[in-house]
Amino acid sequence: MTYTSERPPITESSDSLRARIPGWGADLDPEDRPSVPKLQWQEDRSGAHWEFPERQPEKWPRERSIEHEFLTPVFGTSCPPKGLSGALRRFSYRKYSEGRAAHWLLLLAADRVDAVESHLRSFATLRPDNPVTETGVLSEFTRHGFSSRVGKKRADVKHHLADPIIVAGPWVLAAGLAYSAVRKVLRWRRG
Amino acid sequence: MRAMVYRGPYKIRVEEKDVPAIEHPGDAIVRVTLAAICGSDLHLYHGMMPDTRVGMTFGHEFIGVVEEVGSGVRNLQRGDRVMVPFNVYCGTCWFCARGLYSNCHNVNPNATAVGGIYGYSHTCGGYDGGQAEFVRVPFADVGPAVIPDWMDDEDAVLLTDALATGYFGAQLGEIVEGDVVVVFGAGPVGLFAAKSAWLMGAGRVIVVDHLENRLEKARTFAHAETYNFTEYDDIVVHLKRLTGHLGADVAIDAVGAEADGNLTQHVTSAKLKLQGGSPVALNWCIDGVRKGGTVSVMGAYGPMFSAVKFGDALNKGLTLRMNQCPVKRQWPRLFEHIRNGYLKPSDIVTHRIPLEHIAEGYHIFSAKLDGCIKPLIVPNAG
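Residue numbers (the working numbering), protein chains in the order written: chain A, 1 to 191; chain B, 192 to 573.
Keep in mind that a hint or two might mislead.
Stated by the list, open to error - Lysine to any residue pairs mimicking SDA-like chemistry, simulated, CA-CA at most 25 Å apart:
1. A:Lys152 to B:Leu465
2. B:Lys500 to B:Lys535
3. A:Lys158 to A:Gly145
4. B:Lys535 to A:Gly23
5. A:Lys82 to B:Asp209
6. A:Lys82 to A:Gly23
7. B:Lys431 to A:Ser5
8. A:Lys59 to B:Lys431
9. B:Lys500 to B:Phe412
10. A:Lys152 to B:Glu403
11. B:Lys208 to A:Arg62
12. B:Lys507 to B:Gly562
13. A:Lys153 to B:Thr224
14. A:Lys38 to B:Tyr418
15. B:Lys500 to B:Pro523
16. A:Lys158 to A:Pro170
Read the hints as simulated data drawn from the structure, not as lab findings.
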């Protein structure tokens, strides 16, 4: 038992487990575990045939962490920064390291700005955002939305009703504060 | 081509996009034949991962056929049927040379703390992912492998992340014969971690979750003993009782950033984004494992700080082990286990969804409707 040197007994023997569970103990020897030890020199270089990779052309100034010495030789080219969200992202990468909360908070703020910008931009297209189809919410009716939740002892169901308030609340509060601030400034300027 | 596109938190749609081009001599363009939605994609979908841009295509679990190769590619050719690890990696940087493919330093300009991942925000390199008809695969000579003829497509796609990650998580637990292993989370990674724990000689495997259908799968697929934490006043105390008040020898967090079970943690992280993730499962690991035990973290967390019970981890003398999985390193051994019949990854697949209906797929998976455990995405479902 725990309060003495004896270990609490395991209820099933290794022989019984080996008989019951296919493959039991196949990797008992750490030598058979591919990531043991963590650092292992890879003779085959996983197929690479270069010392340092050729550099991918940089078609626009690619934002990068200031913890890097230089732009990595290969990088993703999805969604170049644009608009106000792009300016926020570029500033965050230029100014703050990954160690600073400001870096990540600015990037998260830029994500929210990006969503609003893109949503507004979509109204100028032939395919405006459609919250019904894009959220997939209709599957609530076709994929047992009610019976998947009720009587299932799910921990998340408890806060489902509060989720919209929690998500929208800070935005409503921020909008209210911004409105109030603008009104105060206008009143002050009018004298 | 048709591709899933992110439109903001909880919103995605399928759009017509340009077929990706070769941008580097080592690139390949792969025509995707099967993809999957990963639990970690939900962190992007919920707007939790910083620098997730509107217009990005998600998807880091996919297989396909090589459509085009760059001038420097030697190991693949057009027509090869390939599986692609979720890691984008170069093979020759300090980290890759030592097998840490998930920590490659040559593929992610946006961050040094994480390597490159397909379709996983700009924080992970800004690569579009495989929930589309085509995808750009950098360093095609390094990451992808030709799928063996005997391997089923659904098994192959699960090898690109979920199975490899679960198996890796069990390895990080440093399991010895007879160990008691507790796995928090009975999603795909948790199920595979529980199953893998037996391969490493565990004496007892306990799985904790709150979704009954997933616990049922943990019993049938992973031969585990299961507990629904909502049925107990305090799951940590229950675990102590189950283990003679010693605690588990090894605890595996297979939940990550959106863990439920503590309202404050969940709301401050998943909803208000004030933490990098809700470390409820991680804290249960720390408190539920025995002193001197090992905690393996496979759940994904964002780069911000999280309210982790570090003092308990210190005072208990725990070993904390974690990483994104270096997928290709796991493959040779996992191929053997599948061939020997020890693992049948596709047994956990519950939904096969056409790409055109991917918005419903995300909602079903996110809201945990319809008994969903693992949804696959079929780009050309006809």
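We went through each hint and held it up to the structure:
{"no.": "1", "hint": "A:Lys152 to B:Leu465", "result": "violated, 29 Å"}
{"no.": "2", "hint": "B:Lys500 to B:Lys535", "result": "violated, 36 Å"}
{"no.": "3", "hint": "A:Lys158 to A:Gly145", "result": "holds, 15 Å"}
{"no.": "4", "hint": "B:Lys535 to A:Gly23", "result": "holds, 12 Å"}
{"no.": "5", "hint": "A:Lys82 to B:Asp209", "result": "holds, 19 Å"}
{"no.": "6", "hint": "A:Lys82 to A:Gly23", "result": "violated, 53 Å"}
{"no.": "7", "hint": "B:Lys431 to A:Ser5", "result": "holds, 17 Å"}
{"no.": "8", "hint": "A:Lys59 to B:Lys431", "result": "violated, 57 Å"}
{"no.": "9", "hint": "B:Lys500 to B:Phe412", "result": "violated, 32 Å"}
{"no.": "10", "hint": "A:Lys152 to B:Glu403", "result": "holds, 7 Å"}
{"no.": "11", "hint": "B:Lys208 to A:Arg62", "result": "holds, 21 Å"}
{"no.": "12", "hint": "B:Lys507 to B:Gly562", "result": "violated, 37 Å"}
{"no.": "13", "hint": "A:Lys153 to B:Thr224", "result": "violated, 37 Å"}
{"no.": "14", "hint": "A:Lys38 to B:Tyr418", "result": "violated, 32 Å"}
{"no.": "15", "hint": "B:Lys500 to B:Pro523", "result": "violated, 37 Å"}
{"no.": "16", "hint": "A:Lys158 to A:Pro170", "result": "holds, 20 Å"}
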